[in-house]
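Student: The chain contents come next:
Number of protein chains: 2
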Amino acid sequence: MKLYTYWRSTTSYRIRIALNLKGVGYEPIPVNLVAGEQRAEGYATLNPARGVPTLVLDDGRVLTQSMAILEWLDRTYPEPALLPDDPFERALVQAAALGLATDVHPVNNLRVVQRLKQMGHSQDETVAWMNDWMEQGFAAFAALIRPDTPFCFGDTPGLADICLVPQLYNAHRWGADLTPFARLTEIEARCLALPAFAAARPEAQPDAN
Amino acid sequence: MKLYTYWRSTTSYRIRIALNLKGVGYEPIPVNLVAGEQRAEGYATLNPARGVPTLVLDDGRVLTQSMAILEWLDRTYPEPALLPDDPFERALVQAAALGLATDVHPVNNLRVVQRLKQMGHSQDETVAWMNDWMEQGFAAFAALIRPDTPFCFGDTPGLADICLVPQLYNAHRWGADLTPFARLTEIEARCLALPAFAAARPEAQPDAN
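Residue numbers (the working numbering), protein chains in the order written: chain A, 1 to 209; chain B, 210 to 418.
Read the hints as simulated data drawn from the structure, not as lab findings.
Among the clues, some could well be false.
[As the list claims (entries may be wrong)] So, partial list: chain B residues that the calculated Cβ filter (under 7 angstroms) puts toward chain A: (1) 277; (2) 296; (3) 315; (4) 331; (5) 335; (6) 349.
[Claimed, not checked] What follows is a list of derived Cβ distance ranges for each label pair: (7) A:148 to B:333: 47 to 57 angstroms; (8) B:364 to A:77: 30 to 40 angstroms; (9) B:249 to A:186: 42 to 52 angstroms; (10) A:208 to B:415: 49 to 59 angstroms.
Since we're looking at a predicted model, the values are computed, not measured.
Even glycine gets a Cβ: it sits at the ideal position worked out from N, Cα and C.
Use the sequences and the hints to build the structure in full.
Tutor: Given below as structure tokens:
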């Protein structure tokens, strides 16, 4: 399959980790978000939201939206499982992951930063905007995961870890103060020690610059 | 079960619709977001993200994040189904719903509007911010759903319709131009003719004012 991806995209990073964890090979196709390639008409027919990631299956069918792709991957390639089977336990993991996917990432992504700058905000004001949402979001995330497991919800990484690591990459980039979130950065270090996460890192991508 | 809800909250509205469609009774507990009741310490222990909805089950267990709650409801009360069983078809419905839940709602919710005002933006600038994200989000949504079914993906309402109707309520409130989105407002009218949607409307809630 083909993955339309951008090296620094938080949501592309989630899918790269999951594909690696599942051992599913893919061809990465870079979409340069800073250059606006996601707004080209040809790409927009594949992904009407004009974002990344887009996953094109071997039969040509197309999937978009990272959280939908992650669940599809987990159903299609069940091992190792990214979500528990029990509906309640599953909803707890999804709630933590969705906290980052809805309360942090959308207010902190590239198009919002670009818009704030167009509206005349300084770099300092943009940094404050980013960090305030991150601080609230990471505090909620830390309260929703288990307090004492190697990964967010157990002995192996799952959906919550897959959303956490890319969001922390963005946090480091923006200089967020992560000292109140030692449990999260410990989990991050444990994840990045795994080949599946390490190979998915932005810096390890062919389009990194 | 108990649902912590706010009459005008887009995400609470989603859960009210789903509970009504499933025929699951619940006790609504209003949380006045404008008065900041979601930030009270007692509430934050229930919902660390300090938002609504929060669903408290009869055994006292707590679920947060509307998209996680919706999937839990669909697994726990399978009829009528909100999502198809087929993994690919399921991912298409989720992608449309998540487009609204991640690309529109989080940049258009109350806390972001309050923040823009704190940053000195006028009502006109805030309205332009809201409408630009809505226009992009509704255009993507319209391209992701089926072109010719009574509801977004078939003959009965599902997850995408449950996300669409509350987002359109917000669009009407902010004066968005919906003339390019006739298919969406037609689906909205069809949904609101159903008792499950009508009873979930903001204006029909005990805390409406």
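Student: Hint by hint, note whether the structure agrees.
Tutor: Here is how each hint holds up against the structure:
For residue 277 of chain B, the interface hint holds, the least distance from its beta-carbon to any beta-carbon of chain A being 4 angstroms, beneath 7 angstroms. At about 4 angstroms, the closest approach between the beta carbon of residue 296 of chain B and any beta carbon in chain A falls short of 7 angstroms, and the interface hint on this residue holds. Contact between residue 315 of chain B and chain A, as hinted, is supported at the beta carbon level, the nearest pair being about 4 angstroms apart and thus within 7 angstroms. Given the 7 angstroms rule on beta carbons, the hint for residue 331 of chain B is violated: about 11 angstroms separates it from the nearest Cβ of chain A.
The restraint placing residue 335 of chain B at the interface with chain A is violated, with a minimum CB-CB distance near 11 angstroms, outside the 7 angstroms limit. About 4 angstroms separates the beta-carbon of residue 349 of chain B from the nearest beta-carbon of chain A, less than 7 angstroms, and the hint is met. For residue 148 of chain A and residue 333 of chain B, the Cβ-Cβ distance of about 50 angstroms falls inside the hinted range of 47 to 57 angstroms, so the restraint holds. The hinted window of 30 to 40 angstroms between residue 364 of chain B and residue 77 of chain A holds, with their beta carbons roughly 31 angstroms apart.
Range check, residue 249 of chain B to residue 186 of chain A: Cβ separation about 30 angstroms, and the 42 to 52 angstroms hint is violated. The hint said 49 to 59 angstroms for the Cβ distance between residue 208 of chain A and residue 415 of chain B, and at roughly 54 angstroms that hint holds.
In this structure, the earlier hints numbered 4, 5, 9 are contradicted, and the remaining ones agree with it.
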